[in-house]
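Student: Chain residues, written in single-letter form:
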Amino acid sequence: MSRINRARIVDGDDTSAASLNDRFDDFSQANAVDQFNLRDAAVDLPQLGTGFQAPFMQSDNLGKSDLLHAAPVSFSAQGSTPYSTPHVLQDGSANVTIATYTGGLTVTPSDVFRIYWSLSVRADIQNTPYRQGMQFNTIAGTGGGGNFDVSTSAGCFVAWLQWDITDAGLTHWTEVPGQGDFKTAIGSYHGNALLNCQATTVIPLWSVYMRNVNNGDSSSGTTEEATAAGWRGVSGAWHYVPGSNVTVYGLRIVALGVMHPRRASAGTSNALVLDVAPASNVDLEYTGGRLVTFVNRVK
Amino acid sequence: MKHWTQRETRTGGSVTPDSIQREMTSSQSSITALDRSQLPAACIDATRLKDYALHRVYQEIPWGTQGQQTVVTDTSAPLNNFSAITYQLYNGGWTTVATTTLTAFKGGSLMAEWSGNAYVYPASTGPALANVEYVPRYVRLRLLVAGRVFVECLGPASHEAFRVFGTGIFEQGDLPVEAQIRLTDATYDDILREVTTNDPICQAHVYSMRFLGIGRWR
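Note that the protein sequences, when read in sequence, are chains A and B.
Number 299 marks the last residue of the first sequence (this note's numbering); no jumps.
Number 1218 marks the last residue of the second sequence (this note's numbering); no jumps.
Derived from the structure by calculation, the hints contain no laboratory data.
It is possible that part of the hints are untrue.
[To be verified] In silico DSS-like links for lysine-lysine, alpha-carbon gap of 30 Å or less: (1) Lys-1106/B / Lys-1050/B; (2) Lys-1106/B / Lys-299/A; (3) Lys-183/A / Lys-1050/B.
[Stated by the list, open to error] Per the computed footprint, the stretches of chain A lying under chain B, defined by three or more beta-carbons under 8 Å from a beta-carbon of chain B, are: (4) 66-75; (5) 89-97; (6) 144-157; (7) 207-213; (8) 289-296.
[Unchecked claim] Stretches of chain B that chain A covers, calculated by requiring three or more beta carbons in the stretch to come under 8 Å of a beta carbon on chain A: (9) 1082-1088; (10) 1116-1123; (11) 1149-1155; (12) 1192-1206.
Bear in mind the structure is a predicted one, so any value in this text is a computation, not a measurement.
Each residue gets a CB set at the ideal place from its N, CA and C atoms; glycine is no exception.
Using the sequences plus the hints, can you model the full thing?
Tutor: What follows is the structure, given as structure tokens:
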């Protein structure tokens, strides 16, 4: 608050015109309603209306609540490309788990729409999917070793955001802005250029390590050690400032795999494409998570 | 503004107790500068504030060129690799992969987050030499704000999503933000090339990058 920084008049002080006038001048400066004493000193959170900076927040369940992973939800990798429909997260009883907003949630150009989500996942693999399809490169053999197929360990599932901004019937799901549906032709494959993966979360499936590599080549003693991605938390984040008002009725997470980096030809854009070769050997399991919706004022 | 309601004291004039008391009493009635204890609760809403009076949100999506790091883009990598970081082109050390500016930051608290996906090639972690430990591979991540480390983490060790965030107190001004990565240093047994074409193998990439910052000064 405004403060007058001058010693008090006490008994025995000599009074003079100058001292009194200075004191009155102090009062006049304190009185002025200016940038300092109003903007910088007078307004704080209690004076703001409720929910000024974050007028909306909601948390929804995703997947199946199963802390011990006793009976997780499981779905298989896609075996054909382009795929028809992605997997929508569900509760294990064939009920989809989505976020809905009663009456629709209107987001304006003065807002930022913030989405955060999490999920507990595990890769379930059989055989050697990490050396099928486009999942590997071959390295040279030296010192008695032959050429060796080494997994890129880039094979993954992807999960991304879809919303319904048409009506509360929740039958018009589309990808959120900046996100593609992984059906674009990339050479002879289908996927998304990385530019169109703005709401994508990559879910790892395996890591393949090599023992006894010899200066980057395989040797007679080279072996591989493959580790499937065990239970882990994955998360996603996405935020969006619309150019004009948009009303969101629902939001959901969908997933697809097995994906892999790919370019149509040298010099073309990086992309993630669907690789169907390992499909029969790969499932993804998941249990529970949360999806949190924030609306924040931008200014 | 000052209003003399009684009289202005002049040098050479006579001052009586009443003349001082009356002036002080009169002046006190105009001491009404607002402070937070006098304003009622919830009296201000968005329509009564100037833009950015209390806070400001900054966002970049996609952040960087198409949301990807483009500092190293080795186009010679195999087609089933990202055209990205190879040890043939990567210089090592902390490398800036995206930048932005927190324009007109008024000074105060900053929350910022950087999210996206990252890939690191984990294959060559087991050297041939005996008694040499495995070398885990990471894409280390850090954010710099105004040239100072804001948040730093070990980063992804395979092909996975990341989100790093932090808070801090920063000075007034246009604050530069830099996202930096640092790949685990190369070792002598790293797998560097594919055999049939001799193409360099991608060692790491960062993409789907987004930035969100919230500055709050009240």
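Student: Given the proposed pairing of Lys-183/A with Lys-1050/B, does the C-alpha separation stay at or below 30 Å?
Tutor: violated, 45 Å
Student: Are 3 or more residues of the stretch 207-213 of chain A near chain B, judged by a Cβ distance of less than 8 Å?
Tutor: holds (count 7)
Student: The stretch 89-97 of chain A covered by chain B? Criterion: 3 or more residues, Cβ-Cβ distance below 8 Å.
Tutor: Result for this restraint: violated, n = 0.
Student: State whether the coverage of the stretch 1149-1155 of chain B by chain A holds or is violated, taking the criterion as 3 or more residues with Cβ-Cβ distances under 8 Å.
Tutor: violated (count 0)
Student: Do three or more residues of the stretch 289-296 of chain A come closer than 8 Å to chain B, measuring C-beta to C-beta?
Tutor: violated (count 1)
Student: Please verify whether Lys-1106/B and Lys-299/A have alpha carbons no more than 30 Å apart.
Tutor: Holds. Lys-1106/B to Lys-299/A sits at ~13 Å (cutoff 30 Å).
Student: Please check whether the stretch 1192-1206 of chain B has three or more residues whose CB lies within less than 8 Å of a CB on chain A.
Tutor: holds (count 8)
Student: Given the hint that Lys-1106/B pairs with Lys-1050/B, test it: the Cα-Cα distance must not exceed 30 Å.
Tutor: holds, 13 Å
Student: Does the stretch 66-75 of chain A contain three or more residues whose Cβ lies closer than 8 Å to a Cβ of chain B?
Tutor: It is violated: at least three residues are needed, and the stretch 66-75 of chain A offers just 0 whose Cβ sits closer than 8 Å to chain B.
Student: Taking a Cβ-to-Cβ distance below 8 Å as contact, does the stretch 1082-1088 of chain B have at least three residues touching chain A?
Tutor: Holds: 3 residues of the stretch 1082-1088 of chain B have a Cβ under 8 Å from chain A.
Student: Quick check: do three or more residues in the stretch 144-157 of chain A have a beta carbon closer than 8 Å to a beta carbon of chain B?
Tutor: Holds: 8 residues of the stretch 144-157 of chain A have a Cβ under 8 Å from chain B.
Student: Are there at least three residues in the stretch 1116-1123 of chain B whose beta carbon sits under 8 Å from a beta carbon of chain A?
Tutor: holds (count 5)
Violated hints for the displayed structure, listed by number in ascending order: 3, 4, 5, 8, 11.
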